[in-house]
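Engineer: Spelled out from the first residue to the last, the chains are:
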Amino acid sequence: MSTQARAEARSPIEEPGASYQRKRTTRGNFELYSWVFMRASGVVLVLLIFGHLFVNLVAGEGIKAVDFGFVAGKWASPFWQIWDLLMLWLAMIHGTNGVRTIINDYAERDGTRLVLKLALYTAFVVVVVLGTLVIFTFDPCPPNSPANLLPSFCTA
Amino acid sequence: MPSAPAGTLYRGREGMWSWVAHRVTGVAIFFFLLVHVLDTSLVRVSPEAYNAVIGTYKNPIMGLGEAGLVAAVVFHAFNGIRLVLVDFWSRGTKYHRVMLWVVMGLFVVTMAGFLPRHLMNVFGG
Numbered sequence: 001m002s003t004q005a006r007a008e009a010r011s012p013i014e015e016p017g018a019s020y021q022r023k024r025t026t027r028g029n030f031e032l033y034s035w036v037f038m039r040a041s042g043v044v045l046v047l048l049i050f051g052h053l054f055v056n057l058v059a060g061e062g063i064k065a066v067d068f069g070f071v072a073g074k075w076a077s078p079f080w081q082i083w084d085l086l087m088l089w090l091a092m093i094h095g096t097n098g099v100r101t102i103i104n105d106y107a108e109r110d111g112t113r114l115v116l117k118l119a120l121y122t123a124f125v126v127v128v129v130l131g132t133l134v135i136f137t138f139d140p141c142p143p144n145s146p147a148n149l150l151p152s153f154c155t156a
Numbered sequence: 001m002p003s004a005p006a007g008t009l010y011r012g013r014e015g016m017w018s019w020v021a022h023r024v025t026g027v028a029i030f031f032f033l034l035v036h037v038l039d040t041s042l043v044r045v046s047p048e049a050y051n052a053v054i055g056t057y058k059n060p061i062m063g064l065g066e067a068g069l070v071a072a073v074v075f076h077a078f079n080g081i082r083l084v085l086v087d088f089w090s091r092g093t094k095y096h097r098v099m100l101w102v103v104m105g106l107f108v109v110t111m112a113g114f115l116p117r118h119l120m121n122v123f124g125g
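Those protein sequences? They're chains A and B, same order as listed. Counted from 1, the first sequence has number 61 at position 61 by full-length UniProt numbering; the numbering is strictly sequential. Counted from 1, the second sequence has number 65 at position 65 by full-length UniProt numbering; the numbering is strictly sequential.
There's no promise every hint is true.
Sample of chain A residues with no beta-carbon within 10 Å of chain B, all distances over it, derived [what the hints assert, rightly or not]: (1) PRO16; (2) SER19; (3) PHE30; (4) PRO78; (5) PHE79; (6) LEU149.
Cut-off 25 Å, straight-line C-alpha distance, at most; resulting in silico cross-link-like pairs (SDA-like, lysine to any residue) [to be verified]: (7) B:LYS94 with B:SER41; (8) A:LYS64 with B:HIS22; (9) B:LYS58 with B:GLY124; (10) A:LYS64 with B:SER41; (11) A:LYS74 with B:SER41; (12) A:LYS64 with B:THR110; (13) A:LYS64 with B:ASN51; (14) B:LYS94 with B:ARG13; (15) B:LYS58 with B:ILE81; (16) A:LYS64 with A:PRO140; (17) A:LYS74 with B:LEU100; (18) A:LYS64 with B:PHE114; (19) A:LYS74 with A:VAL55.
Hint data in this document are derived by calculation from the structure and do not stem from the laboratory. For each residue, glycine too, the CB sits at the ideal point set by N, CA and C.
From just these sequences and the hints, can you work out the full model?
Structural biologist: Written out as structure tokens, the structure is:
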């Protein structure tokens, strides 16, 4: 084969100096965004969760002080509502994405991966929707409840 | 064609074991999170229902479980920061072993601050 014929066999010949074009068979950048999200959300979650653990387990009487009145006292303030909402969403997406990665690593059969991921995503939707509704529809002073179980501002 | 066993091909030492510990603690924390949102949701049912369930968190066995959970969270948090540094800091891969020992040091210091206080709350009268 002549040199010219060999050169023509490699087709198409690109323009010299043309910029590199990645093949378009890729399925998008989802895994890249997921990798970035794990790191960004992780840093925020360290702050949110360390704060959560300090206020609920270390400050005051720790776990002994946690009851309905304690939670109601916190969620009466938009500050803790937003704090807990952010924590709920970020932690659930971070955790679900982590478990998704683990399923991809260890479940070898297509059917197994499908079933496990369906269960995972179902749990994600149920927990996130339930948690979000609870934070925003919560009544710190429910009627007909004994006053000694409620935060002190209910009777004021 | 023979298939290689999934997920077992690794090189041992600090890099592998910190990766294993990160996975194990991550999964444990995730399953606790599912339960924790469900138990907290009982505030929407009634004060009595919530207090009954949160009461079980105050017995000594659950108290030890919480200590284990906090240990898992603290390791996952510090090792996660190390992971970010390995990925984004230009010298991250060079110092990844040193950083694991820093993570272990911070872990010990944090738990030394947390455990006495928590265990006194759980076991103290």
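Engineer: Does each hint hold? Answer for all of them.
Structural biologist: A quick look at each hint next to the structure:
1. PRO16: 34 Å, holds
2. SER19: 27 Å, holds
3. PHE30: A:PHE30 is indeed farther than 10 Å from all Cβ atoms of chain B, at 18 Å.
4. PRO78: 17 Å, holds
5. PHE79: 17 Å, holds
6. LEU149: 4 Å, violated
7. B:LYS94 with B:SER41: Violated: B:LYS94 and B:SER41 sit about 46 Å apart, past 25 Å.
8. A:LYS64 with B:HIS22: Violated - the C-alpha atoms of B:HIS22 and A:LYS64 are around 30 Å apart, more than 25 Å.
9. B:LYS58 with B:GLY124: Satisfied, since the Cα-Cα distance of roughly 11 Å is no more than 25 Å.
10. A:LYS64 with B:SER41: Between A:LYS64 and B:SER41 the Cα gap is close to 19 Å, so the pair holds against 25 Å.
11. A:LYS74 with B:SER41: 14 Å, holds
12. A:LYS64 with B:THR110: 21 Å, holds
13. A:LYS64 with B:ASN51: 11 Å, holds
14. B:LYS94 with B:ARG13: 15 Å, holds
15. B:LYS58 with B:ILE81: 31 Å, violated
16. A:LYS64 with A:PRO140: 20 Å, holds
17. A:LYS74 with B:LEU100: Violated - the C-alpha atoms of B:LEU100 and A:LYS74 are around 36 Å apart, more than 25 Å.
18. A:LYS64 with B:PHE114: Holds, at roughly 15 Å.
19. A:LYS74 with A:VAL55: At roughly 10 Å apart (the allowed maximum being 25 Å), A:VAL55 and A:LYS74 satisfy the hint.
In terms of the numbered hints stated before, the structure departs from hints 6, 7, 8, 15 and 17, listed from lowest to highest.
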